[in-house]
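From first to last, the protein sequence lines stand for chains A and Z.
Take the first sequence: its letter number 2 is residue 2 in the working numbering, and every next letter is one higher.
In the working numbering, each residue carries its 1-based index in the second sequence increased by 355.
Derived from the structure by calculation, the hints contain no laboratory data.
All C-beta atoms in this analysis are idealised placements derived from N, C-alpha and C, irrespective of residue type, glycine included.
Any given hint could be a false lead.
[As the list claims (entries may be wrong)] Which stretches of chain Z does chain A cover? Using the computed rule of at least three CB atoms under 8 Å from a CB of chain A, they are: (1) 399 to 407; (2) 452 to 466; (3) 635 to 641; (4) 704 to 710.
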Amino acid sequence: MPPANPIPVILVGCGAVSRFFYAPALTELQSKGVLRVETLVDPSAANLQPLAEVFPNAGKSARLEDATLASRLVIIASPPKFHAQATIHALQGGATVLCEKPMANTVAEAETMLEAAKASGSLLAVGLYKRFFPACESLKGLLEKAPLGHLQSFTIEEGGKFGWQAASDSFFRKNMTPGGVLLDIGVHVLDLLLWWFGEPASLNYEDDALGGQEANCRIELDYPGGARGVVRLSRDWQTRNEYTFHFERGVVRYKVNDANHLEIQTDGMPALLSGSLLTPRGVERSNPQSFIEQLLNVTATMQGLASLRVPGEEGIRSLRLIEQCYANRRLMPMPWLTTGETKAALHLASTKGDA
Amino acid sequence: MKIALVGASGFVGTRMVERWCLGDHFEVVPVVRSFSSLAVMARFELPWQVCDSMDPSALAKAFQGCDAVVHAAIGDPAQIEKMADSIYRAAEAARVKRLVVLSSSSVHGQAPPPGTDETSPLHERHVMAYNNAKVRAEKILNRLSASGSVEVVMLRPSVVYGPRSRWIADTARQLLDGSACLIREGTAICNGIYVDNLIQAVELALQVPQAAGQAFLVGDAESVTWHAFYQIIANALGIGMETVRSIEPPVFPHPFKERVGNFAALPATQIVLPLIPGKLKRLTKLLLANWQEPTPGNVWKLRPETACTTTEELTLLQQCQWQLPNQKAQAILGYQPEVLFDEAMRRSLEWLKFAGLRNPSTN
């Protein structure tokens, strides 16, 4: 049920994620009276303009410091480098914060965000909307209730040629963004794995960074229950974009971003069952609707009608795992390189890997 | 030697960046069109430049301080021609000494007649618009360099394969999904060149003084059929060649939109186009954008597991009966392909494993 007074929203960062995701989601919720976009914040007038056209009644500002924060929902969608500073400022001003993934560039930054939330008593949510996909929720149910038996292994392949419309090269500069594909799409993948399975007992990690950011990486994970998984991520070549789970009595496949669809083949079935996931009332929830669902969870929590599904304490877990990966990093074998090139690659990876 | 590499994010460009960053002889300045093109080269810390490859003044700034430029950018037919002009003018403005251009053996067609070499006259009557655009791009570069200060060297490779190439990845995918096919058993010649051999030719073209003003056909040392090329990939994937269907060359009806596009790209049309009112041009573009090709269907047909996949380009290539010669490149550039075919395929297949392309039933 929409609140009597729409929640005022401040959208910080008017780049691609705001244009393609937040703008349509906020437009829908504004039309339903759930919220009201009050202020758009971005230091770039060029970035502000397209969003200002979508929300003509919203104020425009170059700095979050100029906005009134108390009782607002502040959405942080600026580059990750600025997440911690903006989030802490908003929390201290009495706002609820929904911070886009990755929550921060480092665990240390994310911890300061959690401390600020605790000290201020304000809510901090993290934008990991794939947890709201019916397919991901169903997988959690299959893993917990085990109707197909216990999980034995899984493989995850995600990524393709990089297509995100980056507005600058800061996304690819290691001094601005400390990680590549793992810190980008890997945040979602590792968040889902942590949500589904908990912490791995051990992991091996390798990537192809040669002084810069990795474009490919591979993680092997072992879990306390005996399940073993392999994750391969790429922003270089087209992967299958598929998660495959081998249970004792069947196989389940989830296609990346196919929010309400799963493929299941149980023992004894000669064919693959491929179908849509519907609510008991026969409604499908798509990828965009899952994004909206995340926003509704935050606004409902602000009203005391729900609890946060992805609070900051959850958001930081994938960052911790990412830092564990980078700390144990090895160079991926690249067998097409010549002997001399391999030697140079190993040298570059070891001398500049932590630059 | 400091090289500006236009098209550094493509398949050849990516390997060139990798090779030069891991070697000692060339310092590379990658030049790409968009920030998102930086994703793979960002593995290295590099002084990349992001600019429109059809904007001579922006390119000239990107080329500043470079000794030479390598043009490895791809585009549609109109872009191919425009880039040739822009990149040459930018190189001249930046006082670059030499421009090495990745042209294509398709200037002679995908299945050139026996006897074809660099002396064979070029024409613009190819079926494929890409070929004609490459011919026109070479002519533009020859015309500009005849009166300009930048030396131009053009390389004409054919099927460039290796890690990340479509000839490896797409063929593997087609073999895996059962859609691979060969024209007439694949007995035609695959004029392949392993990507490292092409880069070796580029390196020679950058340095050999006598190369200036010349075009060179470049390929691997061996003569290989398409069947042999497919067989090596199929073997690596554990797939029998009996799954690869042999077909007669299909006829490719050129869609209406493509025919209009080809017509619009002709030099004569380009002269006339400015005379057509903008309103009419916009209306035509709108109509074309919404044009639906008729799609006849028949539900009373047995569905094959997967349809055979081929393209017009591949169909033409798989009818080639002539091994394009390397003799001129050998004589003037001193080109001797450094990677032999078996090793080239081994490295390519190792990349397939790296990329995770495998046969699920054999793993």
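Here's how the hints hold up against the structure:
1. 399 to 407: Held - the stretch 399 to 407 of chain Z has 5 residues with a Cβ nearer than 8 Å to chain A, which meets the minimum of three.
2. 452 to 466: violated (count 0)
3. 635 to 641: It is violated: at least three residues are needed, and the stretch 635 to 641 of chain Z offers just 0 whose Cβ sits closer than 8 Å to chain A.
4. 704 to 710: holds (count 5)
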